Amino acid sequence: MDKSKIHPTPMLDVLEDGPWPSFISGFKRMRDEHPEQRINEMANSLLGQLEHSYETRKGYWKGGTVSVFGYGGGIIPRFSEVGHAFPESKEFHTLRVQPPPGNYYTTDMLNQLCDSWEKHGSGMITFHGQTGNIMFIGTTTKGTQHFFDEINDYGWDLGGAGPCVRTAMACVGAARCEQSCTNEHAVMRHLVNTFTDDVHRPALPYKFKFKVSGCPNDCMNSIERSDFAVIGTWRDDMKIDQDEVKAFVELKGRDYVIDNVTTRCPTDCMTLNDDNTLTVDNKNCVRCMHCLNVMTKALSPGDDKGVTILIGGKRTLKIGDLMGTVVVPFMKLDTAEDYEKIVDLASETIDFFAENALEHERTGEMIERIGLVNFLEGVGVDVDPNMVNSPRQCSYVRMDGWDEEAEAWFQRKAEEKAAAAG
Amino acid sequence: MAEQKAALRPPIESGCPDGFQYMHPAMRKNYGQWKFHEHPRPGVLRHVAHSGDEIWTVKAGTQRILDSYTLRKLTSIGDEFADGFVRFTLRSNIEYMVTDQAKVEPLIKALEDAGFVVGGTANSVAMISHTQGWLHCDIPGTDASGVVKAMMDELIDEFKNCNMPNRVHLTTSCCQINCGGQGDIAINVQHTKPPKINHDLVSNVCERPSVVARCPVAAIRPAQVNGKPSLEVDEKKCICCGACFPPCPPMQINDPIHTQLAIWVGGNHSNARSKPTFQKLVAAGIPNNPPRWPEATAIVKQILKAYKEGAKDWERINDWIDRIGWPRFFEVTGLPFTKYHIDNWRGARNSLNASTHIRF
Numbered sequence: 014m015d016k017s018k019i020h021p022t023p024m025l026d027v028l029e030d031g032p033w034p035s036f037i038s039g040f041k042r043m044r045d046e047h048p049e050q051r052i053n054e055m056a057n058s059l060l061g062q063l064e065h066s067y068e069t070r071k072g073y074w075k076g077g078t079v080s081v082f083g084y085g086g087g088i089i090p091r092f093s094e095v096g097h098a099f100p101e102s103k104e105f106h107t108l109r110v111q112p113p114p115g116n117y118y119t120t121d122m123l124n125q126l127c128d129s130w131e132k133h134g135s136g137m138i139t140f141h142g143q144t145g146n147i148m149f150i151g152t153t154t155k156g157t158q159h160f161f162d163e164i165n166d167y168g169w170d171l172g173g174a175g176p177c178v179r180t181a182m183a184c185v186g187a188a189r190c191e192q193s194c195t196n197e198h199a200v201m202r203h204l205v206n207t208f209t210d211d212v213h214r215p216a217l218p219y220k221f222k223f224k225v226s227g228c229p230n231d232c233m234n235s236i237e238r239s240d241f242a243v244i245g246t247w248r249d250d251m252k253i254d255q256d257e258v259k260a261f262v263e264l265k266g267r268d269y270v271i272d273n274v275t276t277r278c279p280t281d282c283m284t285l286n287d288d289n290t291l292t293v294d295n296k297n298c299v300r301c302m303h304c305l306n307v308m309t310k311a312l313s314p315g316d317d318k319g320v321t322i323l324i325g326g327k328r329t330l331k332i333g334d335l336m337g338t339v340v341v342p343f344m345k346l347d348t349a350e351d352y353e354k355i356v357d358l359a360s361e362t363i364d365f366f367a368e369n370a371l372e373h374e375r376t377g378e379m380i381e382r383i384g385l386v387n388f389l390e391g392v393g394v395d396v397d398p399n400m401v402n403s404p405r406q407c408s409y410v411r412m413d414g415w416d417e418e419a420e421a422w423f424q425r426k427a428e429e430k431a432a433a434a435g
Numbered sequence: 006m007a008e009q010k011a012a013l014r015p016p017i018e019s020g021c022p023d024g025f026q027y028m029h030p031a032m033r034k035n036y037g038q039w040k041f042h043e044h045p046r047p048g049v050l051r052h053v054a055h056s057g058d059e060i061w062t063v064k065a066g067t068q069r070i071l072d073s074y075t076l077r078k079l080t081s082i083g084d085e086f087a088d089g090f091v092r093f094t095l096r097s098n099i100e101y102m103v104t105d106q107a108k109v110e111p112l113i114k115a116l117e118d119a120g121f122v123v124g125g126t127a128n129s130v131a132m133i134s135h136t137q138g139w140l141h142c143d144i145p146g147t148d149a150s151g152v153v154k155a156m157m158d159e160l161i162d163e164f165k166n167c168n169m170p171n172r173v174h175l176t177t178s179c180c181q182i183n184c185g186g187q188g189d190i191a192i193n194v195q196h197t198k199p200p201k202i203n204h205d206l207v208s209n210v211c212e213r214p215s216v217v218a219r220c221p222v223a224a225i226r227p228a229q230v231n232g233k234p235s236l237e238v239d240e241k242k243c244i245c246c247g248a249c250f251p252p253c254p255p256m257q258i259n260d261p262i263h264t265q266l267a268i269w270v271g272g273n274h275s276n277a278r279s280k281p282t283f284q285k286l287v288a289a290g291i292p293n294n295p296p297r298w299p300e301a302t303a304i305v306k307q308i309l310k311a312y313k314e315g316a317k318d319w320e321r322i323n324d325w326i327d328r329i330g331w332p333r334f335f336e337v338t339g340l341p342f343t344k345y346h347i348d349n350w351r352g353a354r355n356s357l358n359a360s361t362h363i364r365f
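Going down the list, the protein sequences come from chains A and B.
According to this note's numbering, the first sequence is numbered sequentially starting from 14.
According to this note's numbering, the second sequence is numbered sequentially starting from 6.
FYI, nobody ran anything at the bench for these hints, they're computed from the structure.
Because the structure is a prediction, the values reported are computed rather than measured.
Some hints could be false.
Below 30 Å or equal to it, Euclidean Cα-Cα: the simulated DSSO-like pairs (lysine-lysine) are [what the hints assert, rightly or not]:
#	chain 1	residue 1	chain 2	residue 2
1	B	78	A	155
2	A	331	B	198
3	B	114	A	41
4	B	114	B	306
5	A	259	B	317
6	A	310	A	296
7	A	345	B	40
8	A	220	A	252
Sample of chain B residues facing chain A (criterion: CB under 8 Å; computed from the structure) [said to hold, decoys possible]:
#	residue
9	32
10	68
11	84
12	122
13	161
14	186
15	296
Simulated restraints on C-beta separations [unchecked claim]:
#	chain 1	residue 1	chain 2	residue 2	range
16	A	411	B	261	34 to 44 Å
17	B	197	A	413	42 to 52 Å
18	B	197	A	382	21 to 31 Å
19	A	404	B	347	45 to 55 Å
20	A	68	B	350	49 to 59 Å
21	B	74	A	166	21 to 31 Å
22	A	166	B	25	19 to 29 Å
23	B	38	A	294	44 to 54 Å
24	A	404	B	348	41 to 51 Å
25	B	237	A	166	49 to 59 Å
26	A	83	B	30	32 to 42 Å
The C-beta atom is built at its ideal place from N, Cα and C for all residues, glycine as well.
With the sequences and hints as input, model every part of the structure.
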């Protein structure tokens, strides 16, 4: 590339100093060393526009409508508002591509993706964006189609953008974590791949996100960040290896164990005995994970594993932050039938959302507006005391259906008991 | 044109790919069969399976927005030192997994020699999860990668070591939609003035009813301005959130001076100990000051210092503040407590102290 065309970047240059890896140095390498002139010019132009943003403290991208043949979403279109000054990056669209659950890659596959991206795009990639997509940042409208066609042939598909089912996320999970209580991989693929049509063709009131965490540590932030959070848990007793407990007490001392394990239990369900063994009141354990996190060798989840499902998490826009709330306290996820059940619940939820949410309203906001009970009745889920922190505290409610509801409760309990007796 | 059309083929709607094909063989073999893990040093995890197999994970921080040279460097290190398998974490760190302990040190050396930063595990300050910012977003109030680069330069020792009471998750967001999400410490854009409206463009660019509907406080109404259909904002009601800007770019909310940064603390996604918590406002009025945003970093360091000194082992920032109380938090961090800290949004009453529980 002609050196005289290089945009000066005095402010960005400052971000090449310091010990943390510099994205600016990376971009400059694309500008100065990449064998392809198109990429040199694109990087130069992008750096020029970014420097302009730094100088004026303003952004200069606008959206638009770009998609690939057959889909309505999956691309984040970006057209420059200062394209006259920085023409080589005036179209700089991002492709959102769905990663595998847990974000595993072989280096061969990453290199192959990199080859394709250098052929059709800027060569700049992020693993991953905040929704969970691989972000291939920077190509023209034409490049978008060519790149997608190429990677689609070897197994990659676009994710969601706009009012649609979005790309999902799952934690590292059973592949490398002893605390995993479910097959995150299977859960995520069963859910999101049931709705590929809703991912690719945005037609919902607003976005809908699935996230899957293998245990209540919730490494995927699913309660706070997804409309449909699936979290692994267990309902029998946690496992205690008393020899490992003793070894841990030996190593750390009784005070450490009392201060950092037993007294931190939110339901006060643990006792460190005089002989340095632990007693757990499992009926009162809420599976918070703290003691398991501290004593990774001595304590582990039980065997009767399943998932808790929370619905309605989202961030600020428009009514303020909402956490997802419990809709299914426990569900087994072992058999094909179990998986059908969770997929059915997701379908019911999305259908109800599509029919009842206002434009640009998230699932949690819809529930806030209509009340949890209306939502539960809409998707066919029975009420459960695990859904609330406490029962109602205000008497202003009409309750003339009480007798039927109480009867239904006793009947359900009797059925559950009969089913458990088997 | 017809020829071009014919060349287009329908997409293969394969959706989310099967990850087992990309998983290290030891992870495939021991899937769901792990027994425990240890943390032998910062940046390294050792997982042991019931079968007796082990896997060693080395975690490294990167610049997140990778150019192809950097990505190929990361893959070549994977080929040479780590069996050719990697994964990425939620916070965009790369992880290499090896079964042979002897490969760990050479792998760490190769990563560090190439300028990557090994760390980010357990009770460290983790990589800041961030958004796109001026580099690629259509509505950003600030940059993301630049803020993070500048801040991680200052926090790198806390990333490489495990000296915090518990892990610290930092996040940044370039507008109040807050794509960066919840964090123990979140550095987010906060607009402080109502949008400036270009009335010549509104009727052509914006679908006015949906813009009116988008406003969280119903401060926008349709109006005729200079004889043209437009929108007007009741500036007394306006909370300057910027929600109108994405659907209506002529309602410019970003401003070089009045778009500022605010810092929030105590967001915790985990169910460990207490239920998950949202982050709370602690500081605002922080200038959006590229290229290094020193004022924001200084406050983050102030909070980290107080947390490191005051919290007990395993307390996250929210746990620590729950124990010591908010008055003490403002005292030990030296941050001002203002009328803006008292919530007036829906549900605000739940945040008021309706008791005599007061620490003196």
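In rising order, the numbers of the hints this structure does not comply with: Of the numbered hints, 8, 16, 19, 20, 23, 24 do not hold.
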